[in-house]
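Listed below, chain by chain, are the residues.
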Amino acid sequence: MLGDIITPDLFASALRMATPLALAAIGGTICERAGVVNIALEGIMLTGAFFGTAMVLLTGSPWLGVIAAVASGAGISAVHAFASINLRSNQVISGTAINLLALGLTGFLMELWYGHPGTTDPIKVLRPIFNFESPGGGAIAEAWRWFDSIVFSHTPIVYLTILIAIVAQVAIHRTKWGLRLRALGEHPRAVDTVGVSVYRGRWVAVLMSGALAGLAGANLTIEQVGSFTENMTNGRGFIALAANIFGRWTPVGSYLASLLFGFADALQIKLQILRGVVSIPPQLFLMLPYLLTVIVLAGVIGRAVAPAAVGEPYEKG
Amino acid sequence: MPVLELREVTKAFPGVLANDRVSLVLEKGEIVALLGENGAGKSTVMNVVYGLLSPDGGEVLMDGRPARIKSPRQAIDLGIGMVHQHFMLVEPLTVTENIVLGREPGRFGAIDFATARRRVEELSLRYGLKVDPDARIIDLPVGMQQRVEILKALYQGARVLILDEPTAVLTPQEVRELFSVIRSLVDEGLSVVFITHKLEEVMAVADRIIVMRAGRVVGETSPEKTDDVGLARLMVGRDVVLRIEKTTKPTCGDTVLHVEDLRVRSDRGLEAVAGVTFSVCGGEIVAVAGVSGNGQTELVESIVGLRRPLAGTILLKGVDITRADARTSIEAGLSHIPEDRHRRGLILQFDLAENLVLGDHRVPPYAKGPLMRPGQVGAMAATRIADYDIRTPSAGVLAGNLSGGNQQKLVVAREIGRDPELLVAAQPTRGLDVGAIEFVHRQILAARESGKAVLLVSLELEEVLSLADRVLVMYEGRIVKELASGEADAETLGYYMTGGGGEKLSAQELQAPTHGGNA
Chain A
1 MLGDIITPDL FASALRMATP LALAAIGGTI CERAGVVNIA LEGIMLTGAF FGTAMVLLTG
61 SPWLGVIAAV ASGAGISAVH AFASINLRSN QVISGTAINL LALGLTGFLM ELWYGHPGTT
121 DPIKVLRPIF NFESPGGGAI AEAWRWFDSI VFSHTPIVYL TILIAIVAQV AIHRTKWGLR
181 LRALGEHPRA VDTVGVSVYR GRWVAVLMSG ALAGLAGANL TIEQVGSFTE NMTNGRGFIA
241 LAANIFGRWT PVGSYLASLL FGFADALQIK LQILRGVVSI PPQLFLMLPY LLTVIVLAGV
301 IGRAVAPAAV GEPYEKG
Chain B
1 MPVLELREVT KAFPGVLAND RVSLVLEKGE IVALLGENGA GKSTVMNVVY GLLSPDGGEV
61 LMDGRPARIK SPRQAIDLGI GMVHQHFMLV EPLTVTENIV LGREPGRFGA IDFATARRRV
121 EELSLRYGLK VDPDARIIDL PVGMQQRVEI LKALYQGARV LILDEPTAVL TPQEVRELFS
181 VIRSLVDEGL SVVFITHKLE EVMAVADRII VMRAGRVVGE TSPEKTDDVG LARLMVGRDV
241 VLRIEKTTKP TCGDTVLHVE DLRVRSDRGL EAVAGVTFSV CGGEIVAVAG VSGNGQTELV
301 ESIVGLRRPL AGTILLKGVD ITRADARTSI EAGLSHIPED RHRRGLILQF DLAENLVLGD
361 HRVPPYAKGP LMRPGQVGAM AATRIADYDI RTPSAGVLAG NLSGGNQQKL VVAREIGRDP
421 ELLVAAQPTR GLDVGAIEFV HRQILAARES GKAVLLVSLE LEEVLSLADR VLVMYEGRIV
481 KELASGEADA ETLGYYMTGG GGEKLSAQEL QAPTHGGNA
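Keeping their order, the protein sequence lines are chains A and B.
Under our numbering, the first residue of the first sequence carries the number 1, and numbering increases by one thereafter.
Under our numbering, the first residue of the second sequence carries the number 1, and numbering increases by one thereafter.
Hint data in this document are derived by calculation from the structure and do not stem from the laboratory.
You may find that some hints are simply not true.
[Claimed, not checked] Incomplete in silico selection of chain A near chain B, CB under 10 Å:
| no. | residue |
| --- | --- |
| 1 | V92 |
| 2 | Y114 |
| 3 | Q169 |
| 4 | A171 |
| 5 | R174 |
| 6 | G178 |
| 7 | L179 |
| 8 | E186 |
| 9 | P307 |
| 10 | A308 |
In this text, all values refer to a predicted model and were calculated from it rather than measured experimentally.
From the three backbone atoms N, C-alpha and C, an ideal C-beta is built for every residue, glycine too.
In isolation and in its complexed conformation, chain B is listed as follows (with noise of 0.2 Å):
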């Protein structure tokens, strides 16, 4: 008998039908893995699952009796927990107080304290969850954060545990973490359901894969059975190419971005950024690979005028942009996708249309003289969104109404759209599912080949890979290496980038222009 069983489930919201009669079985000890697109309704019917919404149809059974659950108590007192892809743990509070909320130890209203810490110690020690029950939540890093969160689930009795998108803020060491402990929660006899978008990590970590989209589940199969291919094919719905080939060979044209001898400070005052030196030409791409930390952010924020370099130039088409802010920057001709699309790259509280025409929005013919003409932005907000294929009902729409890969679209709708002469693109497919990814870097692809000069920075060495036509390695503020797109692949690359080249390379060939190395 399965432990948790939903048959039919059916949630609609206004103009969405977000769970199309959803069936699915999970058995003790299993982990199944619920894949699909960003929007594909994995979240919803969870959160249906664990009370927070209520179905429009169908029934969950658990232990093969149907259970009516209407709220995330009544979930709980089933034994279902659930860690939020947002985590509701209380920052000011300590691990013990966090855990124990809503069922806290004690009599007479007064909370047993040393047995509440006992409680949690013996949990942590059992589950191999190791973390420091006295500790300001505020003062965890996040995978420790995840670990109470799970801990918390434990303590109220989970049987079935409910992770939702449990590694989208975790390190690749934390995702190692994580996975070994849902193996041994899985040891224990609990029973866990892993929301995802990440091929690797389903094929990783499943026992059995759900996939779904748009609401419906479409598909189910077992990581033995399938490989990335077959799964990502099931999760779009069509083939997806998940390393585009470049058909053409890079042009490189004039040069477009002259990096000399750049020194830049990082907000601790170390040096980020220790003397790099490099170029990019017209229809090339190069792609700058690190560990995340090694300067790349900093050197990026002093390329597109966020950041003051110690020392250095920095030449666009022959222009000092050096010490030039960000409007003279764009006006220069440089386009950038932030790595941080909620913080640098829109305004949630815009709608499409404002957020496509900011950057423009003080020139011709968006502007005339004072006045914005919103006829004008109206048109170009039109063209881009079809252009660019960003799914919405209409360009009035808020910015953070949309979901993270529609509105990672309109950010390189924006900024490709604009036609610059230089593109810097940071980790442009952060938190996108593999449709999305595609999207974006045939996008990135498309600018090259009409003579566009691109920067991409990026942790992801398959974006590296599929995307660079040169690859300048980063490590502690230095560019360590180049590679031509034909002689790197993910070997060399992780060796250079942890360093492993520091000491071979001499010093001539630190300091030798790299510009049209491969031209």
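Isolated chain A, as found in the complex (with noise of 0.2 Å):
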């Protein structure tokens, strides 16, 4: 019984949930590191998945594929960064907009391009890239299928993924960009008055969040789903928010936070097969993830501390 839920297949799979978590909440963490709240990641991952996938279909390739998913992401964001750090809006409100906008506009365009909605036809996808022989049996060689399972059997950006947050942290902590970057969330005026742009920082970092966030929306459509369905990010985007702060806006603590939440959506897959042996609604098992979410902000973690001036647009003089 135990041995049909925690297999090696469990912690691959939890992997593979938590990779799109973590691009946008990596996103999440540099655009609200800079002092801007990104609600926007949900209708950006979308928008992404739906390039992406347009592009797949257009040209048969899944690395044009996702190129377009992370300019997409980017090119929506810009958006975003428009209204709220130029124009001063709301920017909860200016998430909000776009979240509705995204949602709509790929809607729209499923019916413009493909003449229905719901699902596009499937695409092709990225493959894993190792793939090794299992040697003979014994005890050995089922260490091997675990090992094997869990660290070679994923698709690209998931690996990209481990590698974007590693290069992430250093980078905030150790470089002047990441300097500046942690300088804008919390005193903007400080950064403006030794002469650096606030709004060519902000627009940087917002235009980063949304090329993540595209690239996390390839991932859903070009390695796991194959193919685009409306609505399919189905609050990711809000959960890789949690992320971020569960992670304390950090990106090694944001990809940390995702695979924890990544491994309660695995879980809530392998719990299904329980259905024919307790009688527990199959929904039970699906509010898994968002149950753990609500729990993690509700401050079970303890008090995370957000940077000063998130959420504060920049004016100057």
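Please dock the two separately framed chains into a single complex, following the hints provided.
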């Protein structure tokens, strides 16, 4: 029974499920560290998922699809950047507007381009990078099966995400860009008075978060599902926001928090096999990742301190 | 050739000419004090120099060459540094990170933290500005944070250092340290512009004094050629009475406030007020003098109903208000000018009329049942604004948009205008310039003349000596000495305030009720 649930695939699946969350969460981290709330991660991810799929359908190339997803994510986040930085509008309202816009836009283009709502035709997906032969039998082979499944069974963006988390972590703490980013979210006027542009710094951060959330969308469609379905992000952008907070506004923290949520998601799927054994409504298992989000946000993990100037538009002079 | 020269710099804001053809020069190795009342345009002109504001006319010359300074970056590149009144420090970051921000050493985008730290240490050693390069700003006291600001300007290569009201947030000890830092900077060849409205600081530190009033330079002098009375006249534009002489003797009618054996705990749970007994009668001003943190704040808070005492009684006209809340105290005839006008005196997001009616907003004539009566409130506001000389375009302006002096007048107008039995004034002139100080002092004296009881709590000895009929010296939660206004002078007060009189007082003297001591 337990052996059916605790399998190598459970952990491999957790890693896969964590990937889109982590990408969006790291995007959220970068954005909020610069002082801009990005509640639009959900919509940006959906946009990336759609345009990525559309590009693969058009060209047949998954990699061109990934590029389209990243570019469209950055593109739609430019709307958020312009509204919240240049126009100094409320960042939560601007983000909500983008979420609604993305939902409407992808649904509309779906009808326009493919003539029907719902789900697109299947697309060519990115395959796992490694494909090792399994050696004979015995305990060593069993250990190898676990290792291979957890470490070597993944698609490119899953590995790329781990790399991004580490690089972003180092960059935020050890580079000029990172120091300025941290200062931007805490005291933008201090950054301005030493002669560094607040607007430019925030624009770059918002575009980066858009690109990362777009990449998250690509992972969903071009690596995991193999097609686009309306509203397929299904709240992942908001869970990513929670992961960013749980990870205390650090990239590696965001990644680890996403891993926890990803594990809850993977476990939820595995637990479905219990349905025949005990009479628990399957919806209860489906709730698991979301329940975890609520508990985490309700502060079981202790108070996390957000960047001081997050959400405040900056006005020169 | 002067390091910095301003020629006819003009800057207008909607409705105000903040700088009207301001010209001044700063020589190498010189400390120039830019003196003026709040709102005289001192900060505006220096913000123009630092590139934060662009002038409407005139020019700025650096080393004799015209400089078009459009941003702080250009100002920094020219060698101009500025320490703002509100610090430009990122609190969660370290001292080193704050100092190098914007000009970080290192290649290929990475920061060379070892080099950064070494440079901070070198600067700190060279200018005698001791600070821990690895400390986080949030953990440092204000005086230390200011050092970081100065180091930041020096790191950026400042030859001209502008200090905007640098002493406003410092303790007297920190002010002395700052002055010695400024002198050592000048010894190293820097030139300093020191913006302030405090006369004694100007006399203590400046080589040359430039006085501004209403956006213009109205005079230039030096500490040798003038005194504080002359400076005050230049600054305000009329004769200012720095120390008001009381013309009448205290009348001392009925006892208004009587405090008996009061004990109050501080936020940290310590006994901040440790058994205090005194009275204030109608028509007299009793001042509580003391070094900050000796229980004055807790004493005031317990009297006005903001902090529950541990033991003792507080009687207002015979009514027990020991455990009363603020609303009951107000209804019993108490008014309170709080020591922090932003936190407790005003709601900055409310307009003047709303701020003026606070506390009386539920009683006639300003309210009728559950409804406010805007007509009555507006009429009252118009009268108070005129009576208390609050400079504002209208009563609909938000309190946050007034200058500090006018904000304080607003608080004074509400609290004295309410016609209380007892006025508790805690540091009523903190942060004000001489003109506004004189005004507030006159209002407090007027309250005394009309027979009110006044309890004044102040850290400024001058204020205590000028206003009080009796002085209670507080030290470590106790009243260690009571002095009549005739026997009090700065030395005597200073002696008792620092605990000098502790052992000499007999237990009997401490216990004795102090009511009517000099009447």
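Here is how each hint holds up against the structure:
Residue-level restraint check for V92 of chain A is violated (minimum Cβ-Cβ distance to chain B is 20 Å; threshold 10 Å). Because the beta carbon of Y114 of chain A sits about 44 Å from the nearest beta carbon in chain B, more than 10 Å, this interface hint is broken. Given the 10 Å rule on beta carbons, the hint for Q169 of chain A is violated: about 14 Å separates it from the nearest Cβ of chain B. Taken as an interface hint, A171 of chain A checks out: its beta carbon lies about 8 Å from the nearest beta carbon of chain B, inside 10 Å.
Using the Cβ-Cβ criterion of 10 Å, the hint placing R174 of chain A at the interface with chain B is satisfied: the shortest such distance is roughly 6 Å. With a least beta-carbon distance of about 8 Å to chain B, the hint placing G178 of chain A at the interface is held under the 10 Å criterion. Because the beta carbon of L179 of chain A sits about 6 Å from the nearest beta carbon in chain B, less than 10 Å, this interface hint is met. The beta carbon of E186 of chain A comes within 5 Å of a beta carbon in chain B, closer than 10 Å, and the hint placing it at the interface holds.
A distance limit of 10 Å between C-beta atoms decides the matter here; for P307 of chain A the minimum to chain B is near 8 Å, and the interface restraint holds. The closest approach between the C-beta of A308 of chain A and any C-beta of chain B is roughly 7 Å, which is under the 10 Å cut-off, so the hint is satisfied.
Violated hints, in rising order: 1, 2, 3; the structure is consistent with all others.
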